[in-house]
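Please put together the full structure from these sequences, using the hints given.
Listed below are the residues making up each chain.
2 protein chains.
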Amino acid sequence: MNGFQRKRTLPVTRPIFIIFDLLMKKIVDEIINTLLGILSPDDVIPLHEPFFYGNEKKYINDCIDTRFVSSIGAYVTQFETLLAEFTGAKHVIATVNGTSALHISLLMAGVRQGDEVLVPALTFVATANAVTYCTATPHFIDSNPVTLGIDVEKLDHYLQQNTRMENNICINTTTLRPIRAIVPVHIFGTPVDMDPLMKICNKFHLTLIEDAAESLGSYYKGTHTGTFGLCGALSFNGNKTITTGGGGAILCNNEKIALQAKHLTTTARLNNNFHYVHDQTGFNYRMPNINAAIGCAQIEQLPYFLKKKRKLAFKYINAFEPVKGVAIINEPDYAKNNFWLNTLMLDKPDNKLLQTILERTNRMGIQTRPIWTLLHKLPMYKRCPSMELSCALELEDRVINIPSSINLVD
Amino acid sequence: MNGFQRKRTLPVTRPIFIIFDLLMKKIVDEIINTLLGILSPDDVIPLHEPFFYGNEKKYINDCIDTRFVSSIGAYVTQFETLLAEFTGAKHVIATVNGTSALHISLLMAGVRQGDEVLVPALTFVATANAVTYCTATPHFIDSNPVTLGIDVEKLDHYLQQNTRMENNICINTTTLRPIRAIVPVHIFGTPVDMDPLMKICNKFHLTLIEDAAESLGSYYKGTHTGTFGLCGALSFNGNKTITTGGGGAILCNNEKIALQAKHLTTTARLNNNFHYVHDQTGFNYRMPNINAAIGCAQIEQLPYFLKKKRKLAFKYINAFEPVKGVAIINEPDYAKNNFWLNTLMLDKPDNKLLQTILERTNRMGIQTRPIWTLLHKLPMYKRCPSMELSCALELEDRVINIPSSINLVD
Numbered sequence: 001m002n003g004f005q006r007k008r009t010l011p012v013t014r015p016i017f018i019i020f021d022l023l024m025k026k027i028v029d030e031i032i033n034t035l036l037g038i039l040s041p042d043d044v045i046p047l048h049e050p051f052f053y054g055n056e057k058k059y060i061n062d063c064i065d066t067r068f069v070s071s072i073g074a075y076v077t078q079f080e081t082l083l084a085e086f087t088g089a090k091h092v093i094a095t096v097n098g099t100s101a102l103h104i105s106l107l108m109a110g111v112r113q114g115d116e117v118l119v120p121a122l123t124f125v126a127t128a129n130a131v132t133y134c135t136a137t138p139h140f141i142d143s144n145p146v147t148l149g150i151d152v153e154k155l156d157h158y159l160q161q162n163t164r165m166e167n168n169i170c171i172n173t174t175t176l177r178p179i180r181a182i183v184p185v186h187i188f189g190t191p192v193d194m195d196p197l198m199k200i201c202n203k204f205h206l207t208l209i210e211d212a213a214e215s216l217g218s219y220y221k222g223t224h225t226g227t228f229g230l231c232g233a234l235s236f237n238g239n240k241t242i243t244t245g246g247g248g249a250i251l252c253n254n255e256k257i258a259l260q261a262k263h264l265t266t267t268a269r270l271n272n273n274f275h276y277v278h279d280q281t282g283f284n285y286r287m288p289n290i291n292a293a294i295g296c297a298q299i300e301q302l303p304y305f306l307k308k309k310r311k312l313a314f315k316y317i318n319a320f321e322p323v324k325g326v327a328i329i330n331e332p333d334y335a336k337n338n339f340w341l342n343t344l345m346l347d348k349p350d351n352k353l354l355q356t357i358l359e360r361t362n363r364m365g366i367q368t369r370p371i372w373t374l375l376h377k378l379p380m381y382k383r384c385p386s387m388e389l390s391c392a393l394e395l396e397d398r399v400i401n402i403p404s405s406i407n408l409v410d
Numbered sequence: 001m002n003g004f005q006r007k008r009t010l011p012v013t014r015p016i017f018i019i020f021d022l023l024m025k026k027i028v029d030e031i032i033n034t035l036l037g038i039l040s041p042d043d044v045i046p047l048h049e050p051f052f053y054g055n056e057k058k059y060i061n062d063c064i065d066t067r068f069v070s071s072i073g074a075y076v077t078q079f080e081t082l083l084a085e086f087t088g089a090k091h092v093i094a095t096v097n098g099t100s101a102l103h104i105s106l107l108m109a110g111v112r113q114g115d116e117v118l119v120p121a122l123t124f125v126a127t128a129n130a131v132t133y134c135t136a137t138p139h140f141i142d143s144n145p146v147t148l149g150i151d152v153e154k155l156d157h158y159l160q161q162n163t164r165m166e167n168n169i170c171i172n173t174t175t176l177r178p179i180r181a182i183v184p185v186h187i188f189g190t191p192v193d194m195d196p197l198m199k200i201c202n203k204f205h206l207t208l209i210e211d212a213a214e215s216l217g218s219y220y221k222g223t224h225t226g227t228f229g230l231c232g233a234l235s236f237n238g239n240k241t242i243t244t245g246g247g248g249a250i251l252c253n254n255e256k257i258a259l260q261a262k263h264l265t266t267t268a269r270l271n272n273n274f275h276y277v278h279d280q281t282g283f284n285y286r287m288p289n290i291n292a293a294i295g296c297a298q299i300e301q302l303p304y305f306l307k308k309k310r311k312l313a314f315k316y317i318n319a320f321e322p323v324k325g326v327a328i329i330n331e332p333d334y335a336k337n338n339f340w341l342n343t344l345m346l347d348k349p350d351n352k353l354l355q356t357i358l359e360r361t362n363r364m365g366i367q368t369r370p371i372w373t374l375l376h377k378l379p380m381y382k383r384c385p386s387m388e389l390s391c392a393l394e395l396e397d398r399v400i401n402i403p404s405s406i407n408l409v410d
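Quick note, the sequences are listed as chains U and H, same order.
Positions 1 to 410 (this note's numbering) are the ones given, in order, by the first sequence.
Positions 1 to 410 (this note's numbering) are the ones given, in order, by the second sequence.
If you're looking for bench data, these hints aren't it; they were derived computationally from the structure.
Note that the structure is a prediction, hence the values are computed from the model and not measured.
A portion of the hints provided could be inaccurate.
It does not matter which identical chain is meant; a pair holds if it fits inside one copy or across any two.
Unchecked claim - Derived lysine-lysine pairs resembling BS3-like cross-links, with alpha carbons at most 30 Å apart: (1) Lys336 x Lys154; (2) Lys256 x Lys377; (3) Lys377 x Lys262; (4) Lys57 x Lys352; (5) Lys336 x Lys315; (6) Lys154 x Lys377; (7) Lys256 x Lys382; (8) Lys311 x Lys221; (9) Lys256 x Lys203; (10) Lys199 x Lys221; (11) Lys382 x Lys262; (12) Lys256 x Lys90; (13) Lys90 x Lys203; (14) Lys336 x Lys307; (15) Lys336 x Lys308.
Encoded structure:
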C-alpha cells in the first residue's frame, strides 16, 4: 500500500519541483554571475573590511610615545572636533561604542523606568538594548519597504489610533505607559524621511534620538544624519565606514544637553580639584585616546572612502538594473547615502530563494548575510508592545547584504 | 566695646593658634622633606603614569597591518590567555573597562532589581554604579583601618544583628530585601582578609564578587586576588599597574559562568551561522583587539613593573618609619601587595593637617590626592542602606595617595 502510494505521488509532484528548481537556479545563477562581474573571489570577500591608508600608525605610535593612551588625551578632543566639522553637529562626545552613545542619548531624552520608546523591529539589537538599559520598554514599529527605515505614514496612523495626549505626554492607550521618545535608524546608511517624521515628533511630543550608527556620511536634504533630533549616535565598530577599533559618538546641537551627556560618560565626576565627587550614577563610557587616534586618521580619509563606496554602489546598481526580480537599494531623491552596506532586494519575499543565494554566495567566498532577526521575535522582546509589522516581516525574506568594502573598486 | 573685646580675645587665642600652626608646620615640613628624599619634582610628578618599554608599538602596528583592530582578533584571545596564566584564573573575559567587568560579574551572581549588594562605602564610585546598573541597591559597609578594605569582623556582627535567613537567602530585616552578593575591594592593591570573609559569605549565603580593579599582581596567601569568588573584575585604565587605554577583565573559575559572561559581553548573540539571533539583553562590552594588543605588551612587562613598584613602596615605608604621626601602608602578613598606589596614613584623623599636606605637595609639583568621597555621602547613594561607618569616616581624614609610578626608582 505504502509502495503503491509512493509510486502514485512521485510523478505528480516531481515535475512541479523540477520546474521551480530550474527557475530558481536560473535566477540565482543570474544574480551570482552579476556579482561575479564586479567581485573576484580568490579566497573570501568579506562583507565589510576596514582600511588604514593614512596616519593611523603615526597617531597611535604618538600615543605610545607621549604615554597618553587612556581617557585623557589630545586625540579624543581632536576626533570630536573633526566629527563636529564633518557632520555639522555643534557638539560631539566620543564614547566607547555606539551602544553607549545611544544609551546616554536616551537618558538625555529623559527616558526612564516605565517609559516606552518607539524603535523599528528591523534594526540591530543594540537599538532596543539601549532602551532596556534605561529600564524602559521598546515599542516596535514597522519599516518602509524602500528605505528599510521607519514607515512614517503608517506610524502616524498607528499613533493616532493607539495613543492619547495627557499633559503633553503621549500615552499608549493599551499599556497606559508614556511613549517618551522615538529612535529612527538610518538602516545600512539610507536616511529615513525626516521631515514627516519630525512632524510626528512634534504632534505626539516624542523626543527624537537618531540611531546614526550606520550612516556617517549620509545626508538628508543636505543635512548630516544624526543632527536632527536632541541627540544622534554614531558607531565606529570595525565593520563601519570608519573605525576606531571600538567606539561611538553622540552628536548634539544643544550645549546644555551636550555638557550633561559628556558628564554622564565620564562617571558624572564633578570638576572639584583633586576630590572625587560624583553627583549622579554615571558611566565609564569615554573613548580612550588610542582609539580616538585611529579615528582621527580614519576621518581624514572619510571623503575618499565615501567616494569609493558611492562608486561601488552605482556599479552594483547598474549591473543589477537588467536583472529581473531583484534590485540594489539606491538612495532616495531626498538623500545622499554613504552606501555603508549595499543591499540586494528581492522584488517579492521568497525565503527559499533568499537562503539559496546566501548559501551559494557564501560557499563560493562572497560573504553575504540576511537582515537581522526582527527584534520582536527575540525571547527578551517578544512581549513588548508592537504595531503590526507586515512590511518588516516581508523584508526578512527579501534583503541580502553584499560585500561593500572600499577596495572592491579601483 | 568691640575694640576692647578684640583686644581682650586676641592675646588669649593667638598663642594657641600659633603653637598649633607651628606644630602642624613642623609635621608637614617633615613629611615633605621625607618625600623629597625620594622624589625630585622638576615639573610635576604624577600620581601614577603608564610606561611602554616593550612590544606595544610592534603589536598595535601589527593590528593596523592585519586590519584586525576591533572586537575580533588574536590579541584579545592572547591577552586573555596571558591573564589566565598570570592570575591562575581558569577563564578570563577581556572587557571594555573594569566597570563593565564588574557589571557582568554582578549579573552572573544573579543580582537583579530589588536586591541589595554589600559594597564598601570607601571605594571608587564604579563599585556602587555597577550595582545600580543591575537595578539593585548598594548597601554600604565599613572599612578596616589597616588594609582600607572591608572590616570583616564588624561585618559579621552587623549581618548577625540586621539580617535573617529565609530559604537560604539573606534578608535585610529593615528593608526586607534580599542581600544577594558582596563586593570586597582590594583598595590600592592591599588584599582584603579573604578567609574570614569567605566564611561570612558561606554563613549568610552571599555570592562573592571581587573588585580587583586595583590589585593585579596582589596575592592573598599565595593566591591571586580576584580568583576567590564567583567572578573577579580587573581594570586596565590608564592609571592602573598595566593599561590597555581603556579595558578590564572578568576572572572566573567556573566554565559555565565564564561562557555566560562572555556571551553577555558580546551582545548575547547566538553562534548561528550568519543569522543575527540574540537570546537575552546583552552588552557591547568586548575589548577591541587594538586595546588587547597594548595589554599583551604590558603584561609581558608586569613582573618588572611589580618589582619596581615593590622597591618604591619599601623606599617610602623605610623613609617614613622614623616620621612621627604618619606611616605608609604596608602589606599585611597574609598578603603580597602590588603597591599600586602608595598611601600615607595619618595616625589620627586630622582634616586640617591632611588638607595642608595635599595643598603643599600639589603646589610644589608632587601630585597627591585624598581618598574618594565616601559613597554614602553622594546624592544618588545617600538614601541607600548602610552600617555605621565610623572607620571609613576617619579614613577620609587620614589617607593621602602619593606618587607611585615605576620610574620613581632606578
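Outcome of the hint check:
Proximity of Lys336 and Lys154 under a CA criterion of 30 Å is satisfied intra-copy only: 24 Å inside one chain copy versus 65 Å between copies. Within a single copy, Lys256 and Lys377 get their C-alpha atoms only as close as 38 Å, which misses the 30 Å cut-off; across copies the closest is 26 Å, which meets it. Taking CA atoms no more than 30 Å apart as the test, Lys377 paired with Lys262 passes between copies only; the shortest distance there is 23 Å, against 34 Å inside one copy. Neither within a single protomer nor between protomers do Lys57 and Lys352 lie at most 30 Å apart by alpha-carbon distance, with minima of 46 Å and 49 Å respectively.
Proximity of Lys336 and Lys315 under a CA criterion of 30 Å is satisfied intra-copy only: 16 Å inside one chain copy versus 64 Å between copies. Proximity of Lys154 to Lys377 under the C-alpha cut-off of 30 Å is restricted to the intra-copy arrangement: shortest distance 21 Å within a copy versus 50 Å between copies. With identical chains, the CA atoms of Lys256 and Lys382 are at most 30 Å apart between copies only, with a shortest distance of 26 Å across copies and 37 Å within one. Taking the closest pair of Cα atoms, Lys311 and Lys221 come within 30 Å of each other only inside a single copy of the chain (21 Å); across copies the shortest separation is 64 Å, beyond that limit.
Proximity of Lys256 and Lys203 under a CA criterion of 30 Å is satisfied intra-copy only: 24 Å inside one chain copy versus 50 Å between copies. Taking the shortest alpha-carbon separations for Lys199 and Lys221, only the intra-copy value of 16 Å comes in at or below 30 Å, while the best inter-copy value is 66 Å. In this homomeric assembly, Lys382 and Lys262 come within 30 Å of each other (Cα to Cα) only across copies, at 24 Å, whereas the closest approach inside a single copy is 33 Å. Proximity of Lys256 to Lys90 under the C-alpha cut-off of 30 Å is restricted to the intra-copy arrangement: shortest distance 11 Å within a copy versus 47 Å between copies.
Taking the shortest Cα distances, Lys90 and Lys203 sit within 30 Å of each other inside one copy (26 Å), while across copies they are farther apart (56 Å). Within a single copy, Lys336 and Lys307 get their C-alpha atoms as close as 12 Å, which meets the 30 Å cut-off; across copies the closest is 58 Å, which misses it. For the homomeric pair Lys336 and Lys308, the shortest alpha-carbon distance inside one copy (14 Å) is at most 30 Å, but the shortest distance between copies (57 Å) is not.
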